[in-house]
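2 protein chains.
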Amino acid sequence: MGFSFLLFHALSKALWIKLKQFGEAKLSNLKKLSENLGLSQTTVSRALNGYPEVNENTRKRVINAARKMNYQPNSNAQRLATGKSKTIGHVVPLAKHDMINPHFSDFIAGAGEAYNKHHYDMLISVVAASEEEDAYHKMKRDGRVDGVIVHAPTANDPRIALLKSLDMPFVVHGRTYHNDDSYNWVDVNNRRAFSQATAHLIGLGHKNIALINGWEHMVFAIKRREGFMAAMQEAGLPIREELMVSDEMIEPVANMAVRRFMRQPEPPTAILCSSMLMAIGAQRALYEMDLRIGRDVSLMAFDDNLSFMNAATSMVSMTVMRSGIRQHGGICANLLIDLIEGRDTPPHILLEAELLLGTSTSAKVR
Amino acid sequence: MGFSFLLFHALSKALWIKLKQFGEAKLSNLKKLSENLGLSQTTVSRALNGYPEVNENTRKRVINAARKMNYQPNSNAQRLATGKSKTIGHVVPLAKHDMINPHFSDFIAGAGEAYNKHHYDMLISVVAASEEEDAYHKMKRDGRVDGVIVHAPTANDPRIALLKSLDMPFVVHGRTYHNDDSYNWVDVNNRRAFSQATAHLIGLGHKNIALINGWEHMVFAIKRREGFMAAMQEAGLPIREELMVSDEMIEPVANMAVRRFMRQPEPPTAILCSSMLMAIGAQRALYEMDLRIGRDVSLMAFDDNLSFMNAATSMVSMTVMRSGIRQHGGICANLLIDLIEGRDTPPHILLEAELLLGTSTSAKVR
DNA sequence: GGACGCTTTCAAAGCGCTTTGGCTGCACTA
DNA sequence: TAGTGCAGCCAAAGCGCTTTGAAAGCGTCC
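Quick mapping for you: the protein sequence lines, in order, are chains A and B.
For the first sequence, our numbering assigns the number 156 to the initial residue and increments by one for each residue that follows.
For the second sequence, our numbering assigns the number 156 to the initial residue and increments by one for each residue that follows.
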């Protein structure tokens, strides 16, 4: 029995190796393909890559054979030979219990579609926040990516200097507060969006307007508050600090904020939220206090059009400033690819949010 | 002027090339490193990769020099030489206006951390749903990944047969309905979670319990309904089809469902939701109908512990069955890596959700 | 003192592609 | 007729690593 056991093992191992070899044999490579065609690797490579110094008939023969043999160039070899990786990196810094940006999926979806179209790959590197810088260095040194997308820039984001010094092409989604001419970015006009939203509420007769904003070390949040304040000032309305909040953009934050606001001697008649998630929290608070949205209190939000939180179908139809984050992903990706491939590009792209009227806002009564 | 213009151009071009060369010169490689050390590339490579046939002093010298020269192996070369890509793929099928799974970010975060720890990369390929199969073929042929994670399996998912035939290591997050012994998966015990949740509600005296479920072509949703029905049957309670919904897992769906339920002659006194997003919709409906959660109607949900929707801090403290999706990501990643590296692994991992009591459930009154 | 074994090192051969620098005919000019 | 140009093809040299197979150096054993 000991013997037959060993025999079995030997056999199965041989079989395994056989299978593996067979499996690998199926993967055809340039050499086999060219031998098969009676051509040199050079010609085959050129034919497939669309170089002009190949006879069109030959090219057709090659392409057909490649298809028939199920040939696909080994991308590692290709990358080594060309020095290009056809890959774009996203570094996601993350602490153990950190909140993951809920916009991420949608952005990635949009970017991913664009990458796919241009035959680029997307590499995502999740690292501890403290190792973010390292991650970029590594990406550069080991030639894994041709460029990167920078997410969620702070007012004076150090990553920008770093990437410049690394000579690594990059596009920032959002922008820094200063010197935003020195690199490429794609951003929504947050300032304008929020001044427009505020003006809309003011136009409806509201004077006490609350702002529930994200953390204001993020530039987008700063700009949103600026837009809000500008519109208020322009209308000659006082800015009441006690009606402004800057915090994490989650449901309970907005809920608590609204509860606090409504207890004030002079509560707001309109509330402007920086995200739909916050709007949900605000909405819940209003329900809990038996206030009718769109009548007792007007509610507006900035809507990133996250796919799982579609304002169009959801909730009291909400008046929003909308700008699709998925679209942003695509735009960033395309800009970066153009940059990498040396095409002329605009230095940056500023998108405007769109005002969509719902029933959550109305003229101030009383 | 024409001349000086040309001269300028020539100069700046030279400068550019110089800079480029300089930039590339900075990237040190094995050759330079070994020359610098007076050793062969073989020895240096072995020293760095921890092979035993290298003198420990030599190894130390090498490691120091590598650090000093800022050496990092070019991963494309490494991959070409070893045939391993140290990369794991995720194929994300996506239609133009598809909803993007909101769990995705959290899962990716968890998986990404694990990859990072084991020095693996994560490659995400966003493709049209119709091209998903192609995407796997490609990944296999061009040697881009060592394995893949399969998301959101359907009852009889064709990807499993495909990946087996490609001889590509994979781990499924979730599982098929049948034959789930033939491949590796990581799943939460949805059946048990929902029977436990239902039993909890029954224990509180509820008899008319509604189920707001996801689309039941997803296996997880099927199992959840089974769990629900099993608990009802065990308690001898009738299963009322009109109190069950299977639909997209978004806020408005749950909202509409609850409104419909509550108009029934015998409305439910407890509602079980398949996700927190749905619970929010249900909650809103109850508010809108002036019903108190946890008193008039008990509400429970399955909580994937999405970071941006943390039940602990949010809302009426919700009674939930919790199972962290981020953790799942890590577990899937580790299992797959073990698989790829030939370590012994359990064939699959079944996780149990945890019952967390909140104030959204209470004994049935009246 | 030769055979042997062990440790430590190295030269060279890949990995599968791209790209450089020819080379071969053939058509066309002078 | 020799010379020129060009289309079309090829051999071979990389890309930067890993890995194979060999060998040098040295102590040990009979």
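Heads up, some of the hints might be wrong.
It does not matter which identical chain is meant; a pair holds if it fits inside one copy or across any two.
[Unchecked claim] List of simulated lysine to any residue pairs, SDA-like, C-alpha gap at most 25 Å: (1) K215 - N225; (2) K239 - H292; (3) K251 - G391; (4) K239 - K519; (5) K186 - R201; (6) K519 - E397; (7) K319 - Y226; (8) K239 - D289; (9) K362 - P501; (10) K241 - K293; (11) K319 - Y442; (12) K251 - D322; (13) K272 - D253.
Because the hints were derived from the structure by calculation, they are not lab data.
What you are looking at is a predicted structure, and each value in this text was computed from that prediction instead of being measured.
A quick look at each hint next to the structure:
1. K215 - N225: within (15 Å within a copy, 47 Å between copies)
2. K239 - H292: For K239 and H292, the Cα distance is within 25 Å both inside one copy (17 Å) and across copies (22 Å).
3. K251 - G391: Neither, since 46 Å and 45 Å both go past 25 Å.
4. K239 - K519: Neither. Shortest intra-copy (59 Å) and inter-copy (66 Å) distances fail the 25 Å Cα cut-off.
5. K186 - R201: within (13 Å within a copy, 30 Å between copies)
6. K519 - E397: within (21 Å within a copy, 41 Å between copies)
7. K319 - Y226: between (38 Å within a copy, 20 Å between copies)
8. K239 - D289: both (21 Å within a copy, 23 Å between copies)
9. K362 - P501: neither (40 Å within a copy, 64 Å between copies)
10. K241 - K293: Cα proximity of K241 and K293: in one copy and across copies (17 Å, 15 Å).
11. K319 - Y442: Classified as neither: same-chain Cα gap 50 Å, cross-chain 53 Å, threshold 25 Å.
12. K251 - D322: neither (31 Å within a copy, 34 Å between copies)
13. K272 - D253: between (32 Å within a copy, 17 Å between copies)
The earlier numbered hints that this structure contradicts are 3, 4, 9, 11, 12.
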